[in-house]
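**Student:** One line per chain: the protein sequences are A and B, in this order.
The opening position of the first sequence corresponds to residue 0 in numbering that gives the first Met the number 0, with each subsequent residue numbered one higher.
The opening position of the second sequence corresponds to residue 0 in numbering that gives the first Met the number 0, with each subsequent residue numbered one higher.
Just so you know, the hints here were simulated from the structure itself, not pulled from any lab data.
All residues carry an ideal CB built from backbone N, CA and C; glycine is no exception.
Mixed in with the good hints, there may be bad ones.
[Stated by the list, open to error] Per label pair, the in silico range of CB-to-CB distance:
1) B:114 - A:220: 30 to 36 Å
2) B:66 - A:70: 36 to 42 Å
3) B:198 - A:170: 49 to 55 Å
[What the hints assert, rightly or not] Mimicking BS3-like on lysine-lysine, the simulated pairs with C-alpha atoms at most 27 Å apart in a straight line are:
4) A:38 - A:107
5) A:38 - B:228
6) B:100 - B:63
7) B:27 - B:100
8) B:228 - B:19
9) A:23 - B:27
10) B:119 - B:100
11) A:176 - A:147
12) A:147 - A:107
13) A:141 - A:176
14) A:176 - A:107
15) B:228 - A:23
16) A:38 - B:225
17) A:107 - A:141
18) A:23 - B:225
19) B:27 - B:225
20) B:27 - B:234
21) A:38 - B:119
22) B:225 - B:19
23) B:174 - B:27
24) A:23 - B:234
25) B:100 - B:19
26) A:222 - B:234
27) B:228 - B:27
[What the hints assert, rightly or not] Incomplete in silico selection of chain B near chain A, CB under 10 Å:
28) 108
29) 109
30) 210
31) 235
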Amino acid sequence: MSDSGASDGRTLAASGSLVIPGDKISTNYSGQLGHGVMKIDNTITATKMGVVVENSGVISVTPLHTAYFPRPGDLVIGYIEGLRSNMWFIDLGAPFNAILPMSLAPMKVEFGATRDAMDVGTTLLCRIQEVDEAHSSVTTMKGMGLRKIVSGFVDQVPPHLVSFLSNNNNEVIDTIKNSTSTRIILGANGRIWIDGEPSGIRVARGAFSLIRDNYGSSDLFSKVISYLEQNKESD
Amino acid sequence: MGYGDIQMIDENGNRVDGRKAGDLRPIKMEIGVVPVADGSASVRWGTNYVIASVYGPMEAHPRKIQRQDRAVIDVRYNMAPFSTTDRIRPGFNRRSREISKVTADALESVVLLELYPRSKIRVEIEVICAEAGTRCVGLTAASLALADAGIPMTDMVVSVASGKINDVVVCDLNKEEDNYGEADLPMGILPNSGELVFLQMDGDLSPNQFQEAWDYNIAAAGEVHKLMKEAISNKYGGES
Numbered sequence: 000m001s002d003s004g005a006s007d008g009r010t011l012a013a014s015g016s017l018v019i020p021g022d023k024i025s026t027n028y029s030g031q032l033g034h035g036v037m038k039i040d041n042t043i044t045a046t047k048m049g050v051v052v053e054n055s056g057v058i059s060v061t062p063l064h065t066a067y068f069p070r071p072g073d074l075v076i077g078y079i080e081g082l083r084s085n086m087w088f089i090d091l092g093a094p095f096n097a098i099l100p101m102s103l104a105p106m107k108v109e110f111g112a113t114r115d116a117m118d119v120g121t122t123l124l125c126r127i128q129e130v131d132e133a134h135s136s137v138t139t140m141k142g143m144g145l146r147k148i149v150s151g152f153v154d155q156v157p158p159h160l161v162s163f164l165s166n167n168n169n170e171v172i173d174t175i176k177n178s179t180s181t182r183i184i185l186g187a188n189g190r191i192w193i194d195g196e197p198s199g200i201r202v203a204r205g206a207f208s209l210i211r212d213n214y215g216s217s218d219l220f221s222k223v224i225s226y227l228e229q230n231k232e233s234d
Numbered sequence: 000m001g002y003g004d005i006q007m008i009d010e011n012g013n014r015v016d017g018r019k020a021g022d023l024r025p026i027k028m029e030i031g032v033v034p035v036a037d038g039s040a041s042v043r044w045g046t047n048y049v050i051a052s053v054y055g056p057m058e059a060h061p062r063k064i065q066r067q068d069r070a071v072i073d074v075r076y077n078m079a080p081f082s083t084t085d086r087i088r089p090g091f092n093r094r095s096r097e098i099s100k101v102t103a104d105a106l107e108s109v110v111l112l113e114l115y116p117r118s119k120i121r122v123e124i125e126v127i128c129a130e131a132g133t134r135c136v137g138l139t140a141a142s143l144a145l146a147d148a149g150i151p152m153t154d155m156v157v158s159v160a161s162g163k164i165n166d167v168v169v170c171d172l173n174k175e176e177d178n179y180g181e182a183d184l185p186m187g188i189l190p191n192s193g194e195l196v197f198l199q200m201d202g203d204l205s206p207n208q209f210q211e212a213w214d215y216n217i218a219a220a221g222e223v224h225k226l227m228k229e230a231i232s233n234k235y236g237g238e239s
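Make the full structure from the sequences, and use the hints.
**Tutor:** Encoded structure:
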């Protein structure tokens, strides 16, 4: 943890170690505080169960479990859960439903005709437009690539795995995509749209299942690669 | 000496189950035992077996329970009808309401509720097998399940009870000691800061006995906290 030089205090939990809420990480730390930590009596204390990370003078805890909280600009996959005359309610897997106003729909919709345009149960690829301080969010479907999802399969991974999947310019997603000849879009809320041939979708779902079950193991990416190679041969 | 002619601790300080005054019953913890929950934990503590699961944060319903500046914790403590030798009538009763309330109050002191305005965090504590001290086991399991769910907290909560049998203060009462003992002091302790978030007392303790029971609880909380960390290490690997 002393690599960055930001921690001139005493290290109590080294970078990479597993901590639980209340564990003391460092005293007299002069760097910045990131996610999952807080300063209590001049001691950096973990507030979440996870792994200590120190990067560029910012100390944080990468959680092993977390709920999805929308942030403006997030690309997400949602399901329509309800509607009114001028808006839809979208389930994003977050604590609160988001809304999609009629004005931000991908097509022209008359007042009162929201059900004709998109009914309850429709799957959408949309983007978070704004989030207020009480976590109410507004989504938009105006933008490139945002649409109703009518083909393929929507899989789900816990939201804390999204960073693993999108690291290094989507290295993991690209590997699965290329190996299974599918089109894959990863939502920030952990939902994954997989489109392509049924055999490719099956293998891709298997890879995501492997990631879900083995998260935390150090050589997870190589496990994914060997799984994809095995299944490539058998197909 | 004691309750009627029941002797629960001998002259060598051995209790009915062979433990010494400061010993805990065997404890085994596991996390992630309910796959559909956001976080869960099971705790076997002596013959007690408790499963706690956490759901949320989620939108608080009914809306009248919502708080604009913070989340609310909704705890439901329940004993399964088959958890004791006498069948327990299913559903809420006065005791389960009281335990749910004190558990929620204890957890509210550590959970960073202000991060989730208008939300609810639902904690379900199900007692599968009851021996003695289920409220302590339930609170400990709930704290572990909250950590597993990724809910931010300033510390874990460890709950332990000490009490008095045959005028001797002992730690972690078992069923016989709880039923026929003279006093019981359950406490909820934050193991890192040593703060207290929950305390109840049944029976009478002198100031010295109270201090002795307090010391036993604080020492036991440290042991239980180590077991909590071990349970998480076992699940996710690494050194905690």
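**Student:** Against this structure, judge whether each hint is valid.
**Tutor:** Cross-check of the supplied hints:
no., hint, verdict
1, B:114 - A:220: 30 to 36 Å, "holds (32 Å)"
2, B:66 - A:70: 36 to 42 Å, "violated (23 Å)"
3, B:198 - A:170: 49 to 55 Å, "holds (52 Å)"
4, A:38 - A:107, "violated (51 Å)"
5, A:38 - B:228, "holds (21 Å)"
6, B:100 - B:63, "holds (18 Å)"
7, B:27 - B:100, "holds (26 Å)"
8, B:228 - B:19, "holds (25 Å)"
9, A:23 - B:27, "holds (24 Å)"
10, B:119 - B:100, "holds (15 Å)"
11, A:176 - A:147, "holds (21 Å)"
12, A:147 - A:107, "holds (14 Å)"
13, A:141 - A:176, "holds (26 Å)"
14, A:176 - A:107, "violated (34 Å)"
15, B:228 - A:23, "holds (13 Å)"
16, A:38 - B:225, "holds (23 Å)"
17, A:107 - A:141, "holds (11 Å)"
18, A:23 - B:225, "holds (14 Å)"
19, B:27 - B:225, "holds (11 Å)"
20, B:27 - B:234, "holds (13 Å)"
21, A:38 - B:119, "holds (25 Å)"
22, B:225 - B:19, "holds (20 Å)"
23, B:174 - B:27, "holds (18 Å)"
24, A:23 - B:234, "holds (21 Å)"
25, B:100 - B:19, "violated (33 Å)"
26, A:222 - B:234, "holds (19 Å)"
27, B:228 - B:27, "holds (12 Å)"
28, 108, "violated (12 Å)"
29, 109, "holds (7 Å)"
30, 210, "violated (25 Å)"
31, 235, "holds (5 Å)"
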